[in-house]
Structures are given as structure tokens and as C-alpha cells.
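Residue numbers (UniProt numbering), protein chains in the order written: chain A, 1 to 173; chain B, 1 to 357.
Please keep in mind that the hints were generated in silico from the structure rather than gathered at the bench. Among these hints, one or two may not hold up.
[Said to hold, decoys possible] Restricting the straight-line Cα-Cα distance to at most 30 Å, the calculated cross-link-like pairs of lysine-lysine (DSS-like) are: (1) A:K141 / A:K110; (2) B:K197 / A:K141; (3) A:K84 / A:K32; (4) A:K143 / A:K100; (5) A:K69 / A:K100; (6) A:K97 / A:K84; (7) A:K84 / B:K278; (8) A:K84 / A:K59; (9) B:K278 / A:K97; (10) A:K110 / A:K143; (11) A:K69 / A:K97; (12) B:K215 / A:K100.
Listed below are the residues making up each chain.
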Amino acid sequence: MATGSGAAAAAADAEEKESGSRMITLTSNEGKAFVVTEASARQSATIRSMVDDGGCVDKGFPLPNVDSKTLARVIQYCDEHGNKEAHTVDERAALAKFDKDFIAELDADKAFLYDVTMAANYLHIQGLFALTTQCIADTIKGKTPEEIRTAFGIEYDLTAQDEEEIKEEDTHA
Amino acid sequence: MASPESSSAPARHIPDEFVEDIFARMPARSVLRCRCLSRAWAAALSTDAFVDHHLRLANRRGGPKLCIPPRSASADAINAWSPEAETTTAPLMAVPHGTRNGRIIPYGRPYRGLLLLRAIFARLYFVCNPSAGEVALTASRPPIPADVGVPPVHVGGKMHWMGEQRRLGILVFDTMPAPPALPDDAGGAVLAALAGKLCVAHSCRETETMSIWAKSAGDEGEWETLHVIDLARWPAFSPRAAELVVPMAVDCRDGRVLLDAGKALGYYDARSTTLETKRVAKIYLYRRMGMEMRDQGSAARSRAASARHRRSRTQCLAPARHIHATGAVRGIDRSRIAVLRDRRFRGMVVRDRDGST
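All chains should be built: construct the whole structure from the sequences, respecting the hints.
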């Protein structure tokens, strides 16, 4: 999926002559070019609107906020969801299995998971963003407030009385 | 690698910008616990926008769920029904104590996951949160239903209705334009809330189609056509056969629309234009009383609910302000109960400004 930018442009040109599936080049913040199908790129609402507005399809899309490692992983998701059909029960099950494996792998490296989440947010890839935020939510939902405070790196600024009031409200019902 | 150290740094924090997105995907009880993490979080996790976001994502894993309120004194539970379960229902919570001696009816329309129940003979009102299995006796009689027998007046862009209990006040509503394409004929037009958007569904008897429009963003947004469904292919759902077809919910996993035709429910898939019929025993008994509700995704839920119910009996029921919308996130006050109460209107009424005095 990753090629040099010269080859990428050539590949994109060749593909564009084909009717139907154009190729689109995405460039990471390190200048590395990734050539993907239009269907794959359209998973990103950000790129979709740029393509539909008749934007710079030929020039490709520089993504200054995304590094190569993250972009490669994001494209892996987009390829699976953009290039495959999801009409039948079997096809949907296959995609669900892909998602499960995909997120299990990401979950092992939290910092990378956060990078992918940020990229999904920046590129507006709804499915991927839902997948990663759900994964983070599942990780922290069983944790104590103290552990969550550490995970988000937040300062404790409530007085004992504030906390008492909030807890008091929560235990009712 | 752009940031090789990022993978190895153990102290990397979850970025702040996702806090709400992440918490919107957590069980209500975890959200509640996390409100005491900091001042900023307590505020952020209590806003209306967050409550709505949380509610919209509630059933992302198992598709829509409808809550079936009790309809008689003999009913002992509030049940949930989902399209996957078809003819079986799952108990959510026990009917509030003190209502067994007479008829118990839902009072008004559900609002933000909360349901108002009225025990007629006991003259009691309960706010229930079926998702969390919580119930509270309202401290006082819910404020004013509007007196629909008296014509409302329109002053300064707002509709004014006399309250049934006059000394309690006058109800004031905003008005908004209906979808421009909505015909002014006798066909059934209903309001629905689908995926957090205000929708209007119109069934045309002549063409046997249902059109659904959605308000794009907030009160100022434009109406856009969401679906035009050719119901002639499914006789049970045709506007000629069914008295009223109501879109109940949207499955947030794949966008399918759950249609209630009174005696049958169906899942409409716009991509393949198919309708999968779901039959439910006695659904006509509680049709259109259903509300979309939160899934807590826990097998222990009904057990926990009954435990809570027992506790609420012994504690003489907590005051209403402690019941939490969407299973957790906020208290309830009189004006909110007024909203619950007033949602029964079928007009183009969108929000109240002065529900209580």
C-alpha cells in the first residue's frame, strides 16, 4: 500500500483513466505517500467532502497531523470497510471480525491507540472513531476514579465536601 | 515513525478532546462515578448535550429497544422489547410500590429515557428510569397538563395553552414550520425522534407511501427527506390497512428504521429496500407507548433492578430530584416533569418555556 511518491502519482494516473475506481494519494506528515482507492478514502468524511468539492484529487491530500505509522493503520481500516460490501449477513460478520481483531491489536499499545483515535477524529472516519473510543471506554469503565484520573492526567480539584455532595446524589434512587 | 518515543512512554494521557466521546460510550453508572474526578468533568458530564449524546449511543450494540410500560394493576413489571427478541420481553424493573391497588398508566410521553407513571386510585405519580431500574415518587403532583378543550392563542410567535389546573399556570410553546412537502390532507402525520433528530412521518393512503423528514440541525435547520418508503409491498404496513404507521427508532449500527404498524413491527432497510417483519404477541396492547431506552448490557440488570426496588420500598422512595435521566447523569425537577407531561401533544410543538410556576 505504501509506495514512493513518484510511483504513487503514476499509479494514480493509470487508475484514473479507468472509469469507476480512481486512486487517491494521501501523504503523511513525513512526506510519505499512500495510494488508496477512492472507495477507501471516502471512509473519511474530511476527504470525501474535499473530493466532492472537486478538490485536489490529482495532487493528493497532505495530512500534516498524521504520521506514517498511524496513517498506514488507518488505511488498513479504510481499505477493509471501503472496498468490501456489507449487504449480507456473512459479509457483515466478516467485517465485524476484522474490527475485533483490528482493535485487539491496537489495544495492546495505548499510545498508538490514542494516535489512531486522533487521526480518526481529524479525518472524520466515523466507524473507526467509534471503534477506538469504545475500546478506550471499555478499558476505563471498570477502573477506580483514582486510576481514571491518572489515565487522563487530570488534577484533583474537588474539596471533600464537593465530592461528598456528588457521591450523595449518585447513591440515591 | 514520527514519534518513536510515543509508543514507549508509559505516562501518555488520553487526549482531552475525546473525554465526552469516550464517556458517552460508558455505562451510566461509571459516568456518574467519574463526575467526582474534577470540577471540569463534573460540569462536562452533566450538560444537556452530553446527556443527549449518551442517550443516542445507548443501544449501539444491540439495536433499538422499546420499553413497554405497565397497563394494568395486574402488571408487575415494566418490560423491554427488542426486534431481535421478537415475541419475548425482558423485565426491566418492578412496578413501583403503592400502585398495586388500582390502575396504573403512563402519563404523557417518555422524555430523555424517563417515564412518568400515574397510579389513579392511589393518586401518586412516579418518575421511572427503566434503563437504570430506578423509580422515585414525585414530591408533588406533576404540574399542569394543558386544557386541550380550550382554544390556544398565538401571541408573539408562541402558542399559549390554558393549564387544566389554572392557578398553576399557562403553558407557552414555540412553533416551527412543518416540512414544506408535508401535504395538508387527512393522511396520518406523526412526530418522531430518530437518531436524536426531530422527524415528521407522513403516510399517504393513495400512494401507500410513507415519507420521513428530519430537521437537520437544531431549531433553525432545514427539513430534509430521510426516506420515502413504498409500503404497498407489505400489506400489513400499508397506510390503507394500518391505522397509523409510526417510525419508532433507528438502529444506529446500520440505519435500519423500526416501523410500528400497530399489529406488526418491521425493520426497514433503505439500502436493500427490504422490510423484515417482527411479530409481537399483544403488541397492539401497548403500541406507541413504547419508548426507546438505554441498554445497560448486563445480565445482572434485572437482579440489580429488583434489589434497588426492594431498597426503594424500605427507604420510602427517594425524592424525585435524585432520579437520573439516561440512567445517570442528572437530577430531575418540576420543569422537567412538565416536559414529560407535555410531550403528549401531536402538534408541531417542540419545547416548553414555562412548564411550571
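Outcome of the hint check:
1. The straight-line distance between the Cα atoms of K141 of chain A and K110 of chain A is roughly 15 Å, inside the 30 Å bound, and the hint therefore holds.
2. For a cut-off of 30 Å, the pair hint linking K197 of chain B to K141 of chain A stands: about 28 Å separates their Cα positions.
3. Among the hinted pairs, K84 of chain A with K32 of chain A is consistent with the structure: their alpha-carbon atoms are about 25 Å apart, no more than 30 Å.
4. Between K143 of chain A and K100 of chain A the alpha-carbon distance is near 22 Å, which keeps this suggested pair within the 30 Å criterion.
5. Distance check on the hinted pair: K69 of chain A and K100 of chain A sit about 20 Å apart at the alpha-carbon level, within 30 Å; holds.
6. The straight-line distance between the Cα atoms of K97 of chain A and K84 of chain A is roughly 13 Å, inside the 30 Å bound, and the hint therefore holds.
7. In summary, the hint linking K84 of chain A to K278 of chain B is supported, as the alpha carbons are separated by about 29 Å, within the 30 Å threshold.
8. Restraint check: the Cα-Cα separation between K84 of chain A and K59 of chain A comes to about 26 Å, which is no more than 30 Å; the hinted pair holds.
9. This hinted pair checks out: K278 of chain B and K97 of chain A have alpha carbons roughly 27 Å apart, not beyond 30 Å.
10. Our distance criterion of 30 Å between C-alpha atoms is met by K110 of chain A and K143 of chain A, whose separation comes to about 16 Å.
11. Distance check on the hinted pair: K69 of chain A and K97 of chain A sit about 23 Å apart at the alpha-carbon level, within 30 Å; holds.
12. With a CA separation close to 34 Å, the supplied pair K215 of chain B and K100 of chain A exceeds the 30 Å bound.
Of the hints listed earlier, the one the structure fails to meet is number 12.
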